[in-house]
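**Q** In case you want the letters, here they are:
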Amino acid sequence: MDPRPTLSRRAFVQAAAATAGALAAAPSLHALAPRARAGDDPPPIPNEIVERVMRERFGDRPIRTGHVELDMPLSAEDGRVVPVIVASDLPMTPARHVKTVHLIVDFNPDAHLAAFHLTPAIGRAEITTRIKMKRATWVRAIVETSDGELWADYARVSVTLNGCG
Amino acid sequence: MRRDVGEARIRVPDQIRRGDLILVNAIVSHPMDTGFFRTRDGAPIPAWYIRDVRVLYGGDEVARFEWTSGISRDPVVSFHLVADREAPLVMRWTDTKGSTFEQSVDIRFTAT
Chain H
1 MDPRPTLSRR
11 AFVQAAAATA
21 GALAAAPSLH
31 ALAPRARAGD
41 DPPPIPNEIV
51 ERVMRERFGD
61 RPIRTGHVEL
71 DMPLSAEDGR
81 VVPVIVASDL
91 PMTPARHVKT
101 VHLIVDFNPD
111 AHLAAFHLTP
121 AIGRAEITTR
131 IKMKRATWVR
141 AIVETSDGEL
151 WADYARVSVT
161 LNGCG
Chain C
1 MRRDVGEARI
11 RVPDQIRRGD
21 LILVNAIVSH
31 PMDTGFFRTR
41 DGAPIPAWYI
51 RDVRVLYGGD
61 EVARFEWTSG
71 ISRDPVVSFH
81 LVADREAPLV
91 MRWTDTKGST
101 FEQSVDIRFT
111 AT
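Chains H and C, in that order, give the protein sequences. Its first residue numbered 1, the first sequence is counted upward by one per residue in the numbering used here. Its first residue numbered 1, the second sequence is counted upward by one per residue in the numbering used here.
Just so you know, the hints here were simulated from the structure itself, not pulled from any lab data. Beta carbons: idealized from backbone N, C-alpha and C, even for Gly. Accuracy of the hints is not assured; some may be wrong.
A few chain H residues that don't get close to chain C, going by computed Cβ distances all over 10 Å [what the hints assert, rightly or not]:
| no. | residue |
| --- | --- |
| 1 | Arg-37 |
| 2 | Asp-89 |
| 3 | Ala-115 |
Here are some of the chain C residues that sit facing chain H, going by a computed Cβ distance under 10 Å [to be verified]:
| no. | residue |
| --- | --- |
| 4 | Ser-29 |
| 5 | Met-32 |
| 6 | Phe-36 |
| 7 | Phe-37 |
| 8 | Thr-39 |
| 9 | Glu-61 |
| 10 | Phe-65 |
| 11 | Val-105 |
So that you can see chain C by itself, here it is in the shape it has in the complex (with noise of 0.2 Å):
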């Protein structure tokens, strides 16, 4: 099942309440290519990853990753946040080769 890279997924609860720390899980479509690996024929495979991961929550950053290639294929990462303002949740996942990739979800409070 692949899916084009940078093409990213963020799951948040369903029901959330002012004042909750929530659970955010993220997921990127990204090959995380070490450098280190060569194709079929010999070739060698360029490193080729992720870096650097941003998290703006209302335009705050509230998070910032530094990886490398050593995080697997396919990049999962899930971390919390206390879900204080109705505003969108947003990552931007930058690669080695500097492209940058965003998905967001909005942050919306459950009708009492």
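Excised from the complex, chain H in its bound form (with noise of 0.2 Å):
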């Protein structure tokens, strides 16, 4: 499928995810996944392999949450395509940047699926993309700033196909 400029970001996610389950028919399909609200504690840690990639990545540095949206489909039909968009209302200026997006997905063979790095040339800190999934799990949307703060925004997707093997 051709990358769609023209839509909205959450038309994307919708308009993708109702073509990869085209076949059912469930309202659900063109839900989006419920966020995290600012001030809403983190998903807790499930195993010791996403207890590692946060350790890595971020040491014991507080991670909040808001100033990032996560948009990804209520339900994944189709595990090996679906869509994310994360955006952040950071600035993205010299003196301050969204260094890193971060996509961390809880029960996936990797759970670190990705790890954006941009630069202030980059404008908005904001990245489409489609992932595999291979169960319900949380998905972890982490910025990290060139000032070393984290923000964060989570979604629980289901998924109904197996996406990984």
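From these two lone chains plus the hints, build me the complex, please.
**A** See the structure below:
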């Protein structure tokens, strides 16, 4: 499928989710996964793999909920192709910018799925891609600023067809 | 519709003015094999995926992506760019076999 530059971010997730599950007619196809709200506690760390990823990448720095929006479908019919949008309202100036956008999928074989390293030339901290998911799990979008702050959003996504083998 | 591995496209807006924040859409053809699947005959399919993506604008590295096999087959990625000069935008995708695939697009400003 071609990238879809004309669609809005949320419309991209909804359209891509609907395409992936075109034969099913459940209204939840078009629904977005519920997201964490500012001040919410992060989902519990479910296993040693995620614990190690979090420790290696973030040490014991606090990770606050806010300044990040993680848009994913509520239900991923085909775990091989799950649309993801991560967007942050944090600045992208030389003085202070989003340095990295991390994507962590708790119950995937490779929990630390991707890291997108950005510079101020990117102008806006927003990444759209498509990922594989093995089973229902929390997805963590964690952004790291150039001055070391960590901000996050979380989405709980259910998966019908295992996309990881 | 299978393309050759590494065939890539980068899309930017038709009309760009100096200083615009533009959306860049990129797609590269790649199996992104996880190493967890088998062929119909039961032979394991080894892991083979793009692990590193570089984005260069006028020779400067403006973004770098670390990927795993968790990115879907024929990876797509969209990101923004501050179009502040006329220069090539180059993307290089490197996979776990060490192959590098490159595509570029010229950022040119619309005549006013």
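**Q** Taking each numbered hint in turn, which are not upheld by the structure, reported in ascending numerical order?
**A** 3, 4, 8 and 11
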